[in-house]
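S.K.: What follows is the residue order along each chain.
There are 6 protein chains.
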Amino acid sequence: MSEPNMPLLSDKTRSLLELASTPTIATLLFKHGFRNAYIQGVSALNPTDRKLVGLAFTLRYIMAREDTDQLSAFCEPDHPQRLAVETCPEGHVLVMDCREDASAASAGSILLTRLQVRGVAGCVTDGGIRDAEGACQLEMPIFTAKPSAPTNLTKHHAVDMNVPISCGGVPVYPGDIIVGDIDGVMVIPAHMAEQIAEEAEPMEEYETFVLEEVKRGVPIIGLYPATDPDSLERFEFWKAQRNQQ
Amino acid sequence: MSEPNMPLLSDKTRSLLELASTPTIATLLFKHGFRNAYIQGVSALNPTDRKLVGLAFTLRYIMAREDTDQLSAFCEPDHPQRLAVETCPEGHVLVMDCREDASAASAGSILLTRLQVRGVAGCVTDGGIRDAEGACQLEMPIFTAKPSAPTNLTKHHAVDMNVPISCGGVPVYPGDIIVGDIDGVMVIPAHMAEQIAEEAEPMEEYETFVLEEVKRGVPIIGLYPATDPDSLERFEFWKAQRNQQ
Amino acid sequence: MSEPNMPLLSDKTRSLLELASTPTIATLLFKHGFRNAYIQGVSALNPTDRKLVGLAFTLRYIMAREDTDQLSAFCEPDHPQRLAVETCPEGHVLVMDCREDASAASAGSILLTRLQVRGVAGCVTDGGIRDAEGACQLEMPIFTAKPSAPTNLTKHHAVDMNVPISCGGVPVYPGDIIVGDIDGVMVIPAHMAEQIAEEAEPMEEYETFVLEEVKRGVPIIGLYPATDPDSLERFEFWKAQRNQQ
Amino acid sequence: MSEPNMPLLSDKTRSLLELASTPTIATLLFKHGFRNAYIQGVSALNPTDRKLVGLAFTLRYIMAREDTDQLSAFCEPDHPQRLAVETCPEGHVLVMDCREDASAASAGSILLTRLQVRGVAGCVTDGGIRDAEGACQLEMPIFTAKPSAPTNLTKHHAVDMNVPISCGGVPVYPGDIIVGDIDGVMVIPAHMAEQIAEEAEPMEEYETFVLEEVKRGVPIIGLYPATDPDSLERFEFWKAQRNQQ
Amino acid sequence: MSEPNMPLLSDKTRSLLELASTPTIATLLFKHGFRNAYIQGVSALNPTDRKLVGLAFTLRYIMAREDTDQLSAFCEPDHPQRLAVETCPEGHVLVMDCREDASAASAGSILLTRLQVRGVAGCVTDGGIRDAEGACQLEMPIFTAKPSAPTNLTKHHAVDMNVPISCGGVPVYPGDIIVGDIDGVMVIPAHMAEQIAEEAEPMEEYETFVLEEVKRGVPIIGLYPATDPDSLERFEFWKAQRNQQ
Amino acid sequence: MSEPNMPLLSDKTRSLLELASTPTIATLLFKHGFRNAYIQGVSALNPTDRKLVGLAFTLRYIMAREDTDQLSAFCEPDHPQRLAVETCPEGHVLVMDCREDASAASAGSILLTRLQVRGVAGCVTDGGIRDAEGACQLEMPIFTAKPSAPTNLTKHHAVDMNVPISCGGVPVYPGDIIVGDIDGVMVIPAHMAEQIAEEAEPMEEYETFVLEEVKRGVPIIGLYPATDPDSLERFEFWKAQRNQQ
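The listed protein sequences derive, respectively, from chains A, B, C, D, E and F. Numbering follows the numbering used here, with no gaps: position 76 of the first sequence is 76. Numbering follows the numbering used here, with no gaps: position 39 of the second sequence is 39. Numbering follows the numbering used here, with no gaps: position 213 of the third sequence is 213. Numbering follows the numbering used here, with no gaps: position 102 of the fourth sequence is 102. Numbering follows the numbering used here, with no gaps: position 156 of the fifth sequence is 156. Numbering follows the numbering used here, with no gaps: position 70 of the sixth sequence is 70.
Don't read these hints as lab results, they were simulated from the structure. Incorrect hints may have been included.
When chains are identical, the list treats them as one kind, so a pair holds in a single copy or across two.
Said to hold, decoys possible - Computed cross-link-like contacts, DSS-like style, restricted to lysine-lysine with a CA-CA straight-line distance of at most 30 Å:
| no. | residue 1 | residue 2 |
| --- | --- | --- |
| 1 | 239 | 146 |
| 2 | 215 | 146 |
| 3 | 31 | 215 |
| 4 | 239 | 215 |
| 5 | 12 | 51 |
| 6 | 239 | 51 |
As the structure is a prediction and not an experimental result, all values here were calculated from the model.
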């Protein structure tokens with residue numbers, strides 16, 4: 001989808017999003033009319049330091065069927081799950097639609113390790129992940145409903161990749177921007193990424209200021225949001241002092 | 001998918017399936033190893049006399065998004081929902097994947113009427129149906145989770161058609177055979193249809209005999225299933241008498 | 001369990017319960033400290049005129065397993081489901097514990113017809129019922145979560161009978177009294193049956209009076225409950241008049 | 001809330017809404033940015049011919065507690081449930097917040113009859129209704145999750161009335177306009193009622209035309225919505241002819 | 001609600017409750033007939049050493065609506081959520097009713113920090129909490145369904161404070177006593193607090209003794225509960241020895 | 001059930017299973033046709049190093065009832081819960097059927113400590129566990145839905161032991177082999193244990209090899225599964241080298 005000379009996610013946008021928390025992104029998307037951009041029911045599996053930021057590369061599962069979903073299915077060289085693991089571009093995020101069913105896994109530590117080795121930015125699934133012990137040792141951030149031992153063949157039949165999907169109740173189009181942290185995972189529509197990233201920076205800065213104010217005893221009314229002009233004045237002063245350091 | 005000279009559902013198979021109840025089909029699929037072929041959570045909406053039998057033609061929805069799913073979306077000439085209604089072949093069944101979310105409709109009486117006019121065999125959705133009053137007057141059988149007033153744009157974004165989907169927890173491939181009655185809807189994998197249809201006939205016949213026996217006071221053990229050879233003898237006699245009439 | 005000379009449910013108690021609605025029974029059990037005696041999630045399947053009243057005879061299912069739950073299981077002469085159908089005493093109610101899972105049936109019209117022929121009072125299941133068309137023609141009241149085509153072997157392994165079970169979130173002990181009507185099914189602990197039956201009669205009578213009063217325009221405060229002494233006076237007068245007729 | 005000389009729901013608006021289906025209202029509210037105005041999980045209990053239209057009068061329940069929710073609670077002259085039944089103004093709709101828990105009733109046929117006698121327009125609850133047999137005989141439309149025998153004291157403690165509530169996942173403010181039919185119940189924010197009512201009329205008219213067109217074989221693309229100018233021309237002609245009759 | 005000279009929670013009661021585990025409190029409330037006093041679905045968010053004990057101060061949310069719940073809502077000086085954060089008395093617990101919907105947050109680290117600075121004892125919500133990283137650094141105990149990035153405006157409209165609410169399926173009245181630890185959160189009706197606190201002390205002491213006994217190999221029958229008089233004798237001896245230390 | 005000279009779980013099988021991960025066991029059971037052997041909804045409570053392996057000893061709960069489930073119930077010397085704790089054989093696993101309801105506990109730290117002292121291998125429950133702090137200090141592995149403060153009497157009435165049960169949606173027969181780790185709990189039908197254990201060893205070995213290969217950059221197609229003969233050659237070489245060490 002992406003051409004070498006025209007990155008869909010500029011370095012600047014990526015950098016800004018790495019500094020933006022998912023609550024900040026949620027609020028900004030809300031401001032622009034997007035009320036349903038938070039992937040419900042998934043959380044961080046592994047305690048990595050890396051922030052999840054990347055373009056969505058999708059894999060779609062439907063319900064498995066007893067005849068097509070035997071172990072031999074994995075032997076087909078174009079099995080969509082295996083293919084997705086080898087195809088998801090570097091810096092992208094593999095997002096899997098498991099119909100919010102975590103009673104079986106959608107991947108395990110071997111496939112996740114392969115993704116990390118290939119430079120994939122991370123993995124998000126509304127199904128389960130197995131081999132959680134191995135998965136927890138990876139640096140690449142993984143978001144899942146929960147650990148789940150059964151093979152994906154039990155419930156999930158990989159059917160196609162890089163099509164629009166739902167994940168955790170949110171529409172995900174290939175190329176959307178995925179951001180994940182301790183509060184969960186947000187999906188930023190591709191055309192909104194730059195704007196959200198730029199609006200996030202001053203918002204994060206003001207919230208840092210607010211938190212310091214609150215810690216020293218300032219009440220929130222008038223401060224958060226800054227309906228009292230005095231709050232903004234103090235904020236400007238705080239920024240000026242900060243920049244001097 | 002189907003070529004004119006090679007119907008995927010022969011007249012004979014269709015006729016046999018019109019006489020087979022969904023419990024009989026469920027038991028036969030179970031016998032062949034298919035334990036998950038019953039579309040969960042849907043029931044007949046309209047009190048029609050027609051049995052639902054036909055090849056699956058599928059429509060896939062993902063979660064809607066605020067920017068793409070405005071009323072203007074319906075104005076696009078290739079909106080997949082409208083297109084599916086005009087494309088689903090005569091004698092086929094339109095099966096819709098709404099991710100088991102009936103908080104919004106997937107179709108209303110106008111589209112359903114158009115399907116009936118076009119000779120479509122029926123409609124199955126794990127989402128809602130709106131304009132239930134009008135839908136109840138159609139002859140074409142409709143199976144849905146429940147009536148639901150909101151437009152599909154509220155929750156369901158039609159994304160592509162005639163791809164494999166899940167519906168009510170069951171995988172549905174284009175060309176699978178759909179059979180529906182008061183007990184719900186079964187999905188017969190395309191390659192199993194002829195065999196199931198042929199096995200259904202003697203099974204239905206034996207159950208008719210059993211029900212008569214039970215009504216006149218015969219206990220079920222030895223009779224159902226026919227572990228007592230005497231049951232089979234009486235069955236042969238019953239059949240012989242029946243054929244004389 | 002019951003001996004011929006010592007019926008656990010006297011004719012008088014049975015008669016009184018046949019006149020008591022399930023809401024009245026629910027309120028009386030509530031008064032005696034039983035807040036959880038209503039079987040959740042089941043409703044009447046067939047439009048019979050018979051009120052469901054009878055002693056509980058239970059059948060317990062656990063989750064099915066692929067090796068033990070093949071069609072051949074029904075060939076065993078002591079398969080607990082078949083045995084229960086042939087053993088449930090006349091006038092009793094077959095109550096089935098399906099773990100509130102109606103994705104498969106717990107019985108179909110053949111077994112239900114056999115129960116009716118044997119004089120069983122009715123059937124309650126928190127699983128599904130199949131062959132709903134045939135079941136709807138029976139006089140014996142049937143309460144189920146919903147019609148469901150799959151054979152019980154898909155999900156339900158009959159394991160033992162006449163043991164204490166849960167059904168729709170309520171404990172049911174063999175010999176408890178089951179009462180069902182349009183509002184659902186109540187389970188009266190065996191030792192409470194006589195008392196509840198006797199208390200129900202005057203309560204039903206007062207509510208009949210109240211409904212007449214309300215229809216002619218009397219406000220409910222002071223009348224229902226009868227905190228205004230005048231309400232009781234009018235009630236006595238109403239009863240006297242009624243008895244003269 | 002309402003003053004005698006300034007009806008919140010004009011006769012004209014009421015009349016227009018009585019002719020508008022809930023799907024039409026849902027689409028219009030959607031057009032104005034309201035994506036969540038359909039009360040989920042309730043349906044019509046009684047087969048009345050009356051359309052439900054009226055201003056919301058609310059009753060809020062919290063979870064019951066064993067000490068406060070004894071039968072004696074109903075003896076208090078200001079028990080909020082009893083009070084609401086006697087206070088809900090004529091032509092209004094009693095809307096009850098049961099936290100989407102239908103495991104117990106929120107009202108029974110006596111209270112519902114009293115509401116009807118008092119001229120209340122109808123009743124909507126996301127809890128249960130008991131004495132369904134009596135309730136089904138009322139002319140006043142009743143929308144509920146399902147029949148449920150247990151007294152409200154089992155789960156629902158009436159706590160205050162005419163405050164903003166949630167019902168079936170929708171915010172309901174006193175004075176909002178409630179409209180219900182076979183497809184369910186819509187909540188129109190008070191300030192939107194007139195506009196929605198006026199927009200509904202031409203939309204219903206166009207859909208009547210569309211249905212006639214579809215029945216005579218016209219495809220939906222270009223017709224519904226009317227992206228083909230020819231559709232609008234035919235519509236004008238159809239209206240002209242209709243008015244002549 | 002509380003007057004300065006008449007604390008609703010005496011120092012003694014508070015001290016006793018700080019030593020009582022929630023299972024002990026649950027058992028004692030059960031003994032007194034309260035079977036539903038455990039807030040379902042919430043757990044401790046932050047690994048603080050402080051035990052949660054305090055009087056309930058409540059905040060009620062209803063479902064959000066698109067017109068009223070825009071970011072500008074927070075600018076109103078009397079927005080109930082902001083007001084609650086500034087009003088909840090020192091030593092009280094802010095308990096929020098989010099209708100058990102954690103798909104959006106009910107508060108974030110800035111508001112929680114303000115609560116801690118104001119001396120509030122803790123926070124309990126059956127919705128989500130955002131900025132979980134910051135929240136985890138607070139000393140004030142926080143109980144929530146889960147981290148959730150979306151702003152409360154997405155789903156939760158703060159409507160009033162210090163009214164009776166439901167939280168996690170439990171009724172919470174302002175002034176009830178809230179106790180939370182690793183096993184979750186109990187709600188003690190205000191009038192029961194002193195009695196429960198006093199009964200908890202000997203029960204905790206006996207369980208400490210029992211655990212020591214069990215660790216040295218004593219079977220539980222006769223010991224727990226103490227149906228064997230010998231158990232009580234050994235307990236008295238153990239207490240005597242303990243007091244000598 | 002087991003006789004001294006004929007252990008149902010040989011030392012060899014136990015040793016092999018201690019080295020097998022639950023995903024490996026899940027895949028092997030799947031290969032043999034068992035698609036539903038993973039206990040849904042439970043996870044490890046305590047961070048022990050011990051792998052859970054042992055024969056199932058079962059305890060069945062039904063819904064509690066207000067009259068039978070008072071605190072005095074525990075005083076009965078043959079209360080099934082207490083009896084199970086004293087009866088479950090050394091090296092076995094106590095598996096409890098709580099109908100997947102974790103709103104109350106099924107055991108607490110005292111009973112769990114007693115089980116550990118008695119040499120029981122572990123405990124699995126689809127209900128809650130209370131006194132989680134104490135339970136977390138045990139060496140014996142415990143798998144539960146979640147911590148839950150209420151006493152089991154609130155919801156769970158212990159009714160019999162060592163009968164077939166369902167736990168987390170899986171049938172568990174006394175004597176089945178239970179294996180648990182970070183990915184959850186698998187139930188191996190007794191007659192499959194030896195075969196699964198033997199097949200697990202080479203599978204684990206191959207996956208160890210695969211993970212090393214993946215870490216050094218080998219793609220998964222052809223390697224996992226080993227459809228490329230070269231993969232098996234490298235595997236043989238890897239094993240040979242490994243054995244030399």
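S.K.: So, for every hint listed, does it hold in this structure?
M.R.: Evaluated hints:
no. : hint         : result
1   : 239 with 146 : neither (42 Å within a copy, 33 Å between copies)
2   : 215 with 146 : between (35 Å within a copy, 24 Å between copies)
3   : 31 with 215  : within (27 Å within a copy, 43 Å between copies)
4   : 239 with 215 : within (17 Å within a copy, 46 Å between copies)
5   : 12 with 51   : within (15 Å within a copy, 45 Å between copies)
6   : 239 with 51  : within (25 Å within a copy, 38 Å between copies)
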